[in-house]
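A.B. asks: These protein sequence lines map, in sequence, to chains V and A.
Take the first sequence: its letter number 284 is residue 284 in the numbering used here, and every next letter is one higher.
Take the second sequence: its letter number 314 is residue 646 in the numbering used here, and every next letter is one higher.
What the hints contain is simulated information worked out from the structure, not anything from laboratory work.
We treat Cβ as the ideally placed atom computed from N, Cα and C, and that holds for glycine.
Mixed in with the good hints there might be a few duds.
What the hints assert, rightly or not - Only part of the chain A face toward chain V is listed, based on derived beta-carbon distances under 10 Å:
no. : residue
1   : V398
2   : R462
3   : A592
What the hints assert, rightly or not - Examples of chain V residues toward chain A, derived with CB under 8 Å:
no. : residue
4   : L30
5   : T34
6   : V66
7   : F278
8   : I301
9   : L326
Claimed, not checked - Non-contacting residues of chain A with respect to chain V, defined by C-beta distances greater than 10 Å in every case (computed):
no. : residue
10  : P339
11  : L382
12  : G386
13  : L400
14  : Q426
15  : I443
16  : R447
17  : A474
18  : E475
19  : A557
20  : P577
21  : L613
22  : K614
23  : G647
24  : A652
25  : R656
Read off the chains here:
2 protein chains.
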Amino acid sequence: MSESETPVTYADIAAAAERLAPVAVVTPLLSSPTLDALFGARILVKAEMLQRTGSFKVRGAYNRLVRLNTDERRCGVVAFSSGNHAQAVAWVAQTLAMPAAIVMPRRAPTIKAERTRGYGAEVILFDGDRVAMEAYARLLAAERQATLVPPFDDPRIIAGQGTVGREIAAQARVLGATPDLVLVPTSGGGLVGGTALALAHDCPGARVYAVEPEGFDDLACSLAAGTRLANAPGAHSICDALLVPSPGEITFAINSRLLAGSIAVADRHAERAMAVLFNHLKIVAEPGGAIALGAVLAGAINVNGKTVVIVASGGNVDAAMFARILSEHTVV
Amino acid sequence: MSESETPVTYADIAAAAERLAPVAVVTPLLSSPTLDALFGARILVKAEMLQRTGSFKVRGAYNRLVRLNTDERRCGVVAFSSGNHAQAVAWVAQTLAMPAAIVMPRRAPTIKAERTRGYGAEVILFDGDRVAMEAYARLLAAERQATLVPPFDDPRIIAGQGTVGREIAAQARVLGATPDLVLVPTSGGGLVGGTALALAHDCPGARVYAVEPEGFDDLACSLAAGTRLANAPGAHSICDALLVPSPGEITFAINSRLLAGSIAVADRHAERAMAVLFNHLKIVAEPGGAIALGAVLAGAINVNGKTVVIVASGGNVDAAMFARILSEHTVV
């Protein structure tokens, strides 16, 4: 598929960046000489937990919602999400003064449900699996004539997330750095797809990898098979933000063309990455947000002598879990 | 004292900002709608834990060391510090390829001594009080013909820290915000003094307050008395970065002219502020780094309806202490 056939173009990402300028944080690209020495590489961390609502999700949500017309805004929006997309849609809806109803799994972290309510949204806790939850959200949206805001498989959402890649390229340029590798936490593939699209334009030498939790490496399996496959049921991971069962249709079309690969990482490496980010960069990552650094800690990719951009995608983690992880993982 | 009599001018701060541009992070000015709602104010947090070496101290240290000549660089530098200035001087010396010896109190947090060594400095752990430690550092510097880098009472150090104020003014302007109050963690007074000098020029309507730990409110007492006073001995605080016994001579001349006041805050409010910054902004603050937000949490200053800039000055805290504080302080 050539870019002309892609439903998301670089121009869409540039336009999204302009729309986001007044509301989103241009999150810093952080580094630490200690981290660099530890890995024998130049490590640059894109700190998206510092984004509004604590994750990158606000980028896509805003780019989607800001273009709804007056009638659509009055009817409001419905979303289904394990948490970060939920908070982002709730906050954006509040900012744009439209009603929002969010369907969330009952097992989602308490902090994510509380925050979503805190942003003025109606939260509906749901007990079934993801397919049932999505079906319920669709029904609810139809009933209310509200707009359903999907978490990733939507060109405007992907273009919004792609602004992360555009910022990485610009910020690396200021530092005099040329990224060799870019590692991106991945669930449905909107963030990594948008980022890869932006970097293919702004930084074409960079190899972009998705990073997924073990047992939820549907993108790795799908890339290997050349077609979209779902995860086997029954797996568990603490990376609650990354548990989507299979790649999106639009995102897979982008990712199968642009990614260098996808790396599966065990939870313990994501936890250790959280402790490293705390210790060396003073930032709070949730497990799924830290997993791209986990891939490096696990030795799953050779970074020696390279310039490596790590996207740290979110920081919405309960204090009790964070305290446990700090206590269990001693970091140099 | 008029600005013409001050040993630090706005031009010195502007020049420092230019020198720092290639090495320092322009740390973000973060906000959260939840925090704003909690306090009925617009809260903007200047996240200096994201600065190189985890605190603002690198700004002053670099502005001081980069102007040493070839001979001075060969002889290297000596500093005495409880930790954040130590790390900053060590990192800057390493960056500029000069030797550094740092005298630190034996009770300093492990992480601070380890990091200082990690940046290639010789660390000398010292058992006496601060006066004895400073005398020892002076002797060591004289012996080695090295340059002594004081932690705050130096015009170039103050000008470097003042770049924090300059960035606050510029970043607030981008957000369309006009700061009413600016709260700054304070020990010897270099950060608050430099920040107040910059804001007197860039944002003259802002009232700048120092925030000190209870028992170490030497600046508050000195401001009240109109002359420099020392803390009574025997006090304790977990704010290890803020335990200087009395204001500096140069810094007090600036601060007595420019500050709206100084607020003393109990440790428990600094701890609660750490939990709030973790929860709402996803940043890691050390006790002394969080104390300015602690002043707001303690209700020590009326922020209702105001635009309030909180400087969060550092994040070098041991994991065990951070985990304990997260466990003990439940935050909304």
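A.B. asks: Hint by hint, work out which the structure violates, then give me just those numbers in ascending order.
C.D. replies: Going through the list in order, the structure violates hints 1, 2, 3, 6, 8, 11, 12, 14, 15, 16, 21, 22, 23, 24, 25 and respects the others.
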